[in-house]
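Engineer: These protein sequences, in sequence, are chains A, B and C.
All residue numbers for the first sequence refer to my numbering, where the first residue is 712 and numbers rise by one.
All residue numbers for the second sequence refer to my numbering, where the first residue is 36 and numbers rise by one.
All residue numbers for the third sequence refer to my numbering, where the first residue is 9 and numbers rise by one.
No wet-lab data here; the hints were simulated from the structure.
Don't take each hint at face value.
Output of the computed footprint for chain C on chain A, the stretches with three or more beta carbons under 8 Å from beta carbons of chain C [unchecked claim]:
hint: 1; region: 801–807
hint: 2; region: 816–828
hint: 3; region: 900–910
The calculated SDA-like cross-link candidates involving lysine to any residue, where the alpha carbons are at most 20 Å apart (straight line), are [stated by the list, open to error]:
hint: 4; chain 1: B; residue 1: LYS52; chain 2: B; residue 2: ASP213
hint: 5; chain 1: C; residue 1: LYS70; chain 2: C; residue 2: PRO88
hint: 6; chain 1: B; residue 1: LYS86; chain 2: C; residue 2: MET75
hint: 7; chain 1: A; residue 1: LYS934; chain 2: A; residue 2: THR734
hint: 8; chain 1: A; residue 1: LYS819; chain 2: C; residue 2: GLU453
hint: 9; chain 1: C; residue 1: LYS378; chain 2: B; residue 2: ASP192
hint: 10; chain 1: A; residue 1: LYS716; chain 2: A; residue 2: THR767
hint: 11; chain 1: B; residue 1: LYS122; chain 2: B; residue 2: ILE140
hint: 12; chain 1: A; residue 1: LYS907; chain 2: A; residue 2: GLY859
hint: 13; chain 1: C; residue 1: LYS436; chain 2: B; residue 2: LEU372
hint: 14; chain 1: C; residue 1: LYS436; chain 2: B; residue 2: ILE140
hint: 15; chain 1: C; residue 1: LYS481; chain 2: A; residue 2: VAL923
hint: 16; chain 1: A; residue 1: LYS907; chain 2: A; residue 2: GLY769
hint: 17; chain 1: B; residue 1: LYS91; chain 2: C; residue 2: ILE485
hint: 18; chain 1: C; residue 1: LYS357; chain 2: C; residue 2: GLU429
hint: 19; chain 1: C; residue 1: LYS41; chain 2: C; residue 2: SER84
hint: 20; chain 1: C; residue 1: LYS465; chain 2: C; residue 2: ILE485
hint: 21; chain 1: B; residue 1: LYS354; chain 2: C; residue 2: LYS436
hint: 22; chain 1: A; residue 1: LYS850; chain 2: C; residue 2: GLU453
hint: 23; chain 1: B; residue 1: LYS433; chain 2: C; residue 2: ILE485
hint: 24; chain 1: A; residue 1: LYS716; chain 2: A; residue 2: GLY769
hint: 25; chain 1: C; residue 1: LYS74; chain 2: C; residue 2: LYS55
hint: 26; chain 1: C; residue 1: LYS465; chain 2: A; residue 2: VAL799
hint: 27; chain 1: C; residue 1: LYS357; chain 2: B; residue 2: PRO340
hint: 28; chain 1: B; residue 1: LYS39; chain 2: C; residue 2: GLN427
hint: 29; chain 1: A; residue 1: LYS934; chain 2: A; residue 2: ASN808
hint: 30; chain 1: B; residue 1: LYS86; chain 2: C; residue 2: LYS357
hint: 31; chain 1: C; residue 1: LYS436; chain 2: B; residue 2: ASP114
Interface residues of chain A toward chain C, partial, derived using beta-carbon atoms under 7 Å [claimed, not checked]:
hint: 32; residue: GLY788
hint: 33; residue: GLY790
hint: 34; residue: LEU793
hint: 35; residue: GLY856
hint: 36; residue: PHE857
hint: 37; residue: SER858
hint: 38; residue: GLY859
hint: 39; residue: GLY860
Computed from a predicted structure; not experimentally measured.
Glycine included, every Cβ here is placed at the ideal spot set by N, Cα and C.
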Amino acid sequence: MLEIKNLHVEVGGKEILKGLNLTINSGEVHAIMGPNGAGKSTLSYAICGKDGYEITDGTVTFNGKDLLELEANERAGEGIFLGLQYPVEIPGVSNLNFLKAALNSLRKYRGEEEIAAVDFLKLIRAKAAELEMDPEMLKRAVNVGFSGGEKKRNEMVQMALLDPIFSVLDETDSGLDIDALRIVADGINRMRSPKKAILVITHYQRLLDYVVPDFVHVLADGKIVKSGDKSLAIKLEQDGYSGLGINETAA
Amino acid sequence: MTEKNHFDGINYADDFKSASGQLPGADIAWLKELRQKSIDDFIKVGIPGPKVEEWKYSNLNALKSGSFKTGLEKSSASDAAGIADIKGSKVVFVDGFYNSVQSEIKNQQGVTLQSLNEFVKSNPEKAQALIDGQAQDNSLRNLNLALMTGGFVLIVDEGVKLAEPIQIIHVVTSPAADKSLRLRNLIHIGKNASAQIIEDYSGAQDVNCWSQNVTTAKLDENATLEMYQFQDQGNETIHMSETLVDVLENANFKHYSLNVGAAMSRTEIKPTLKGENGNVELSGAFLARGGNAHDVFTHMKHMMPQCDSDQNYRGVLDKGGKSAFQGKVYVAKDAQLTNADQSNKNLILDRNAEANSKPELLIYADDVKCSHGATVGELDSEALFYLKSRGLDTLSAKALLVEAFVAEVYQDIEIGAVKEKYLALAREWLAHNE
Amino acid sequence: MASTLETRQTVEEVAGDYKYGFVSDIETVKAPKGLNEGVIRFISAKKEEPEWLLDWRLKAYKKWLKMEEPDWAMLSYHKPDFQDIYYYAAPKSADDRPKSLDEVDPELLRVYEKLGISLQEQEVLSGVAVDIVFDSVSVATTFRETLKEKGVIFCSISEAARDYPELMKKYLGSVVPVADNFYAALNSAVFTDGTFVYIPKGVRCPMELSTYFRINEANTGQFERTIIIADDDSYVSYLEGCTAPMRDENQLHAAVVEIVVLENAEVKYSTVQNWYPGDKDGKGGIYNFVTKRAACRGTNSKVSWTQVETGSAVTWKYPSCILQGDGSVGEFYSVAITNNYQQADTGTKMIHIGKNTSSTIISKGISAGKAQNIYRGLVKVMPNAENTRNFTQCDSLLIGDECGAHTVPYIEAKNPTAQLEHEATTSKISDEQLFYCLQRGLDVEQSVTLIVNGFCKEVMQQLPMEFAVEAQKLLGISLEGSVG
């Protein structure tokens with residue numbers, strides 16, 4: 712599904728990813744772990760096409776398409792979703808409006824009809840209920856005045872609604888208490904399907920107790936330095952990054 | 036040939052004619068020429084009238100006829116002691132002239148502190164360079180240059196930290212009646228150098244005069260200048276002080292002021308941030324009653340990226356008092372990542388009092404954080420109630436709250452004696468508040 | 009030249025004739041360029057005005073002659089040549105108009121389509137000569153009947169001068185005096201038409217006035233005059249303007265709106281202004297110099313201005329409230345968008361005179377391209393205005409680094425019981441916000457429109473529903489090409 716080859720990315724003239732390789736197939740859940748500054752968020756932004764993340768070398772293909780040729784919204788149209796570490800506040804724009812506009816944009820990109828207002832309301836209320844979100848939150852401005860946990864839960868509702876093929880979840884677990892973590896994990900597990908894939912980026916292995924990955928990769932200094940299965944995450948938890956010979960403060 | 040909405044400048048021609056021969060440096064060709072050019076430029080424009088936007092809230096009718104003549108008499112003052120706890124140099128001006136007897140200059144390596152007239156004599160080239168290079172785009176500033184009778188010069192060399200704050204003490208005595216007193220001050224703080232200046236303006240009651248000072252300062256890279264102004268002039272004095280500051284890369288400028296005296300005061304502070312990462316903080320209070328009018332005018336120019344500026348002014352207006360705060364923040368196209376804040380709060384204590392506020396933002400760069408806030412109001416009724424519920428009577432409770440309102444401006448001052456003087460002056464003013 | 013001279017002579021004849029009470033058939037006459045007493049007499053004659061109104065105009069003209077065009081606004085434009093303007097032109101003949109939509113600027117049609125305007129309306133808005141009778145005409149008739157039953161007067165100023173001279177005499181110029189300012193004086197001398205509204209005591213106007221009038225207003229002149237009087241305990245919501253961009257060759261618009269609100273009455277005045285803003289290089293476009301003022305004369309009266317300003321090359325406009333009645337309330341909600349080379353200097357004045365008066369100002373300025381957007385506002389508290397309350401919030405949004413956003417508030421208080429609060433911020437659309445929207449699938453244009461609409465929400469929600477939807481779309485259209 713997703714194939715990243717020799718990816719080099721610069722931010723503000725500084726090279727952050729230095730030849731990263733990663734292949735993710737349908738039905739798989741991958742986890743990327745790594746110390747602060749290893750380039751985890753850079754990877755997620757590079758996949759999703761944020762401005763300012765300059766690809767200096769390498770390729771990223773998604774179901775055979777060259778992703779790097781596409782704008783951020785076109786990548787979303789292809790079915791890529793990014794759950795942000797710090798979801799952005801958009802004052803004055805209600806969650807409902809925002810999501811309706813987003814869903815219709817995606818449909819338009821795929822050559823589908825716009826969703827009827829009534830159907831949309833039914834759909835979004837159902838998704839909110841599944842993830843135990845207060846329906847009132849849908850009327851509030853996007854992420855404005857939301858607590859950390861509410862913001863993350865909102866990301867999960869958005870993901871459930873937009874129903875991506877491939878989801879990247881950037882530190883979605885950070886700053887959550889145990890109840891919120893369960894809901895987020897639940898949201899992610901709902902996306903598991905033989906036709907979809909998920910990339911979980913996290914600093915701690917805590918989330919991986921709930922979302923069991925098929926593969927775990929360790930990202931350090933802009934490259935994947937080690938890959939394995941769930942046990943790698945446990946080993947990291949026990950021995951820390953230094954156990955793998957990685958300097959936590961290297962970056 | 037006066038500019039639209041200005042009072043005729045020609046009324047000052049006679050004063051210039053009769054005074055120019057006796058002004059300091061009358062025998063120095065470049066200065067004489069500069070004064071002549073300045074008076075010519077002034078006459079072309081004149082005195083700003085009430086329809087000139089920047090002078091909307093201050094009436095300069097009293098200056099219309101040119102009746103204040105340049106004071107040329109040297110006097111001495113009975114009290115020019117300044118703040119006793121400050122051990123640094125003292126520069127004393129009485130009625131617009133440097134008084135060498137009452138002044139106390141303490142030498143420090145790398146620091147030049149002199150009266151302007153001495154400096155012009157001893158360092159003519161440097162003096163010319165410093166004065167001649169100044170902006171001449173303001174008619175009152177041109178008038179000041181044409182007729183100034185002195186001032187002080189402070190130059191702090193690269194890397195030098197001024198050991199003690201300098202006190203500049205201005206006193207007005209009765210011979211100054213019907214006179215204009217004009218001083219021109221020059222400050223240059225070198226790279227990595229720092230200085231603190233205390234400016235104290237006071238004077239006799241019932242002396243009808245016009246005191247007008249212009250200070251230009253340049254802060255080199257990473258330099259620091261702190262200025263502390265006190266204005267407690269006599270009740271008949273027209274007080275004007277204009278401070279122009281160039282702030283280069285990483286330099287810091289702090290300016291505190293308190294206006295309590297004078298018939299009319301105009302405090303202009305105009306910092307220009309000319310290098311990256313510059314920082315300017317302006318704070319002050321103005322307390323007016325009984326025909327007092329205070330006008331604080333700031334013009335913060337952000338010309339370069341990543342500079343911070345902060346302004347915090349408070350006014351208290353009692354019976355017969357009037358104030359204006361006009362604060363302009365200008366952010367040039369290239370000044371991205373500017374952070375500029377401005378706040379002006381006013382308390383009106385009496386029906387016969389007036390507060391005006393014009394906080395202005397002019398923004399030409401898009402990646403900036405600029406904000407301003409202005410309020411006019413009574414004392415917080417909840418706070419008042421709280422104090423009364425703890426047993427204070429209304430008057431004491433009010434006094435306490437007003438004092439706290441003013442004191443907040445000065446709370447971060449690190450020089451204890453200076454902070455104490457601000458608070459004492461404010462307290463003394465408030466004590467009459469009954 | 010010869011023809012101009014000829015017309016001028018004709019006008020002088022007509023004007024001269026008028027003195028003797030003779031009104032000639034002037035259907036075919038067009039006033040010459042420029043302004044003089046003759047032209048004013050011509051306009052007045054053409055409108056069959058009573059003598060007192062002509063005198064009033066002439067008085068205004070004489071005052072105008074002595075006035076200077078204001079230059080305090082932060083606007084730079086070529087001052088109009090007042091002798092190079094037609095002050096009265098007969099409506100275009102069918103021959104001059106486009107024959108069908110095929111002859112209309114496709115850019116204009118594209119915008120109509122975006123706004124979802126029907127083809128019939130498009131034809132009218134574009135000035136296509138059509139013969140068919142619109143449904144709206146009959147709608148207008150029934151509409152008028154309903155209003156008549158309630159005693160509401162809703163007619164043109166010319167009709168009002170003829171049919172309701174006492175009301176006109178009483179209120180014309182009573183809020184905006186003839187010599188109030190340069191453009192108001194000009195308007196007083198030459199106003200060609202406008203609307204007159206009177207809501208009688210105790211009447212709540214049953215419909216939003218002028219909503220459906222989009223079609224009829226297509227031919228509004230450059231110098232409109234509007235008078236709205238809300239008598240005791242009445243209410244009216246008045247909508248001005250047109251959400252669709254108007255095809256208009258007029259360079260200068262100088263309108264005057266006067267509102268009088270009596271005891272316990274309320275007037276809500278909403279404007280969406282979308283005159284031609286000029287092209288991408290700043291060529292052409294309307295000068296929109298408007299004086300709007302409401303006098304809250306009655307106790308507990310209320311006026312609420314809502315404006316969405318997206319058009320015009322230059323806007324100079326400060327809808328104001330004189331809060332004279334005790335307990336009166338003034339509100340000003342404004343969105344001003346400038347793109348390309350547009351300039352807007354707009355805001356409000358809240359003059360607190362009565363006791364317990366309050367005012368709210370919410371201003372959202374958006375500047376993009378090479379545009380300049382200025383909020384200028386005055387909050388003034390007179391000595392006897394006990395317990396005045398004001399809250400002002402001015403937010404500016406910059407899109408791109410070649411535009412400017414400026415805030416120039418004046419706060420003047422002369423009463424110790426006043427509580428006035430002013431806040432202003434300047435910011436931009438952050439890269440993070442934009443990326444977030446893109447990541448969810450919105451394109452750049454949609455994202456900007458969405459974020460800007462969010463930024464303006466407090467103002468947009470003041471608009472009547474049907475207006476709001478189109479206004480939201482307009483924001484997007486105005487900002488086209490501003491990002492990316």
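Engineer: Each hint should be assessed against the structure and marked as holding or not.
Structural biologist: Consistency of the hints with the structure:
Figure legend: the region 801–807 of chain A, annotated as covered by chain C; annotation consistent (4 residues with Cβ-Cβ distances under 8 Å, at least 3 required). Interface restraint, the region 816–828 of chain A with chain C: holds (3 residues with C-beta to C-beta distance below 8 Å; minimum three). Check result for the region 900–910 of chain A against chain C: violated, 0 residues qualifying (beta carbon to beta carbon below 8 Å, three or more required). Our distance criterion of 20 Å between C-alpha atoms is met by LYS52 of chain B and ASP213 of chain B, whose separation comes to about 18 Å.
As the CA atoms of LYS70 of chain C and PRO88 of chain C are separated by approximately 19 Å, the hinted pair is consistent with the 20 Å bound. The straight-line distance between the Cα atoms of LYS86 of chain B and MET75 of chain C is roughly 15 Å, inside the 20 Å bound, and the hint therefore holds. About 14 Å separates the Cα atoms of LYS934 of chain A and THR734 of chain A, which keeps this hinted pair within 20 Å; it holds. Using a Cα cut-off of 20 Å, the hinted pair LYS819 of chain A and GLU453 of chain C holds, with the two alpha carbons roughly 15 Å apart.
At roughly 44 Å between alpha-carbon atoms, LYS378 of chain C and ASP192 of chain B are farther apart than 20 Å, so this suggested pair is violated. Distance restraint check for LYS716 of chain A and THR767 of chain A: the Cα-Cα separation of roughly 12 Å lies within the 20 Å cut-off, and the hinted pair is therefore satisfied. Restraint check for LYS122 of chain B and ILE140 of chain B: satisfied, since their Cα atoms lie roughly 11 Å apart, inside the 20 Å limit. Using a Cα cut-off of 20 Å, the hinted pair LYS907 of chain A and GLY859 of chain A is violated, with the two alpha carbons roughly 27 Å apart.
The hinted pair formed by LYS436 of chain C and LEU372 of chain B meets the criterion: a straight-line CA distance of about 11 Å does not exceed 20 Å. Only pairs whose Cα atoms come within 20 Å are accepted, and LYS436 of chain C paired with ILE140 of chain B is rejected, the gap being roughly 52 Å. The suggested pairing of LYS481 of chain C with VAL923 of chain A is violated, with an alpha-carbon distance near 46 Å, which exceeds 20 Å. The suggested pairing of LYS907 of chain A with GLY769 of chain A is violated, with an alpha-carbon distance near 24 Å, which exceeds 20 Å.
Between LYS91 of chain B and ILE485 of chain C, the direct Cα distance comes to roughly 40 Å. Violation of the 20 Å bound is thereby established for this hinted pair. Distance restraint check for LYS357 of chain C and GLU429 of chain C: the Cα-Cα separation of roughly 15 Å lies within the 20 Å cut-off, and the hinted pair is therefore satisfied. At most 20 Å may separate the alpha-carbon atoms for a hinted pair to count; LYS41 of chain C and SER84 of chain C exceed this at roughly 25 Å. Pair hint LYS465 of chain C plus ILE485 of chain C holds up; C-alpha atoms about 17 Å apart against a cutoff of 20 Å.
Annotation: proposed proximity of LYS354 of chain B to LYS436 of chain C is violated, straight-line Cα distance about 44 Å (limit 20 Å). The hinted pair formed by LYS850 of chain A and GLU453 of chain C fails the criterion: a straight-line CA distance of about 23 Å is larger than 20 Å. Pair hint LYS433 of chain B plus ILE485 of chain C does not hold up; C-alpha atoms about 55 Å apart against a cutoff of 20 Å. Of the supplied pair hints, the one linking LYS716 of chain A and GLY769 of chain A holds, its CA atoms being roughly 5 Å apart against a limit of 20 Å.
Straight-line distance between C-alpha atoms of LYS74 of chain C and LYS55 of chain C comes to about 26 Å, which puts the hinted pair past the 20 Å bound. At roughly 18 Å between alpha-carbon atoms, LYS465 of chain C and VAL799 of chain A fall within 20 Å of each other, so this suggested pair holds. With a C-alpha separation of about 35 Å, the suggested pairing of LYS357 of chain C with PRO340 of chain B is violated against the 20 Å cut-off. Under the criterion of a C-alpha separation no larger than 20 Å, the hint pairing LYS39 of chain B with GLN427 of chain C is inconsistent with the structure, at around 36 Å.
Only pairs whose Cα atoms come within 20 Å are accepted, and LYS934 of chain A paired with ASN808 of chain A is rejected, the gap being roughly 39 Å. Among the hinted pairs, LYS86 of chain B with LYS357 of chain C is consistent with the structure: their alpha-carbon atoms are about 18 Å apart, no more than 20 Å. A hinted pair counts as satisfied when its Cα atoms are at most 20 Å apart, and LYS436 of chain C with ASP114 of chain B does not qualify at roughly 55 Å. Against a cut-off of 7 Å between C-beta atoms, the interface hint on GLY788 of chain A holds, since the closest Cβ of chain C lies about 6 Å away.
The criterion of a C-beta within 7 Å of any C-beta in chain C is not met by GLY790 of chain A, whose closest approach is roughly 10 Å, and the hint is violated. Annotation: LEU793 of chain A was flagged as interfacial toward chain C, and the flag holds, the nearest CB pair being 5 Å apart, inside 7 Å. With a cut of 7 Å, the hint placing GLY856 of chain A at the interface with chain C is violated, because the nearest CB-to-CB distance is about 14 Å. For PHE857 of chain A, the suggested interface contact is broken, since its CB lies about 14 Å from the closest CB of chain C, more than 7 Å.
Hint status for SER858 of chain A: violated, given a least beta-carbon distance of 18 Å to chain C, over 7 Å. Restraint check, GLY859 of chain A versus chain C: the minimum CB separation of about 16 Å is more than 7 Å; hint violated. Hint on GLY860 of chain A is violated. Least Cβ distance to chain C is approximately 19 Å, over the 7 Å limit.
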